[in-house]
Amino acid sequence: MDGDAKFISIAITRPDNVENEASKIARLLENGIDFVHIRKPEATLREVKNLIEDIPYKLRCRLKLHGHFELLNEFNLGGAHINSRCPVAPASAANVSRSCHSLEEVNSCLNSGMQYVTLSPIYDSISKEGYLSAFKPDDLRGKIDGKNVIALGGVTPDKFPELRNLGFAGAAMLGCVWSDTDTFLRNLKNI
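Sequential numbering from 14 applies to the sequence shown in the working numbering.
One thing to keep in mind: the hints can contain errors.
When the alpha-carbon atoms are kept at most 30 Å apart in a straight line, the in silico BS3-like pairs for lysine-lysine are as follows [claimed, not checked]:
1. K141 <-> K172
2. K53 <-> K71
3. K19 <-> K202
The set of hints was computed from the structure by calculation and includes no laboratory data.
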């Protein structure tokens with residue numbers, strides 16, 4: 014990866030509802046987060062639509078959906094993120110990313126035109142108890158350089174330098190974002 018390339022930062026929503034979630038998403042996007050992935054596997058179409066409607070229009074192009082892809086064009090969103098639950102993106106999705114859990118899967122997905130892929134779990138998860146790291150640094154070193162691979166799983170802003178050193182193009186975070194959004198944003202600014 015080019016040392017001058019921007020390190021991409023992504024926040025993933027909690028699957029349940031968060032108090033003042035739309036305003037927190039807006040604050041994240043206005044203060045250093047590049048994309049927010051809306052991952053609400055149990056939410057209805059109406060609930061996801063309500064959340065998006067409460068996010069300022071100018072920020073919606075930086076939202077990616079993990080489901081309810083029919084909302085992509087209605088709101089001019091940033092793209093679709095596919096995974097085992099929703100494995101196929103609509104043809105109309107301009108930017109598609111995907112969840113991966115092995116280096117083989119990363120290589121296969123990036124060769125199929127994905128904007129980026131997430132690889133997890135890199136560290137022990139913060140939000141999923143018992144979801145432990147599947148990789149050692151030596152497993153990754155030299156194998157993801159120059160590829161659009163985003164680290165996921167137990168990631169916090171203080172780990173960005175190590176992740177960049179390993180060749181990741183960015184980091185996606187969930188657990189550390191929502192427990193205390195103000196502290197998270199302060200930590201993000203200090204990196």
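Tested hints:
1. K141 <-> K172: 18 Å, holds
2. K53 <-> K71: Given that 30 Å is the threshold and the Cα spacing comes to 22 Å, the pair holds.
3. K19 <-> K202: Holds: K19 and K202 sit about 14 Å apart, inside 30 Å.
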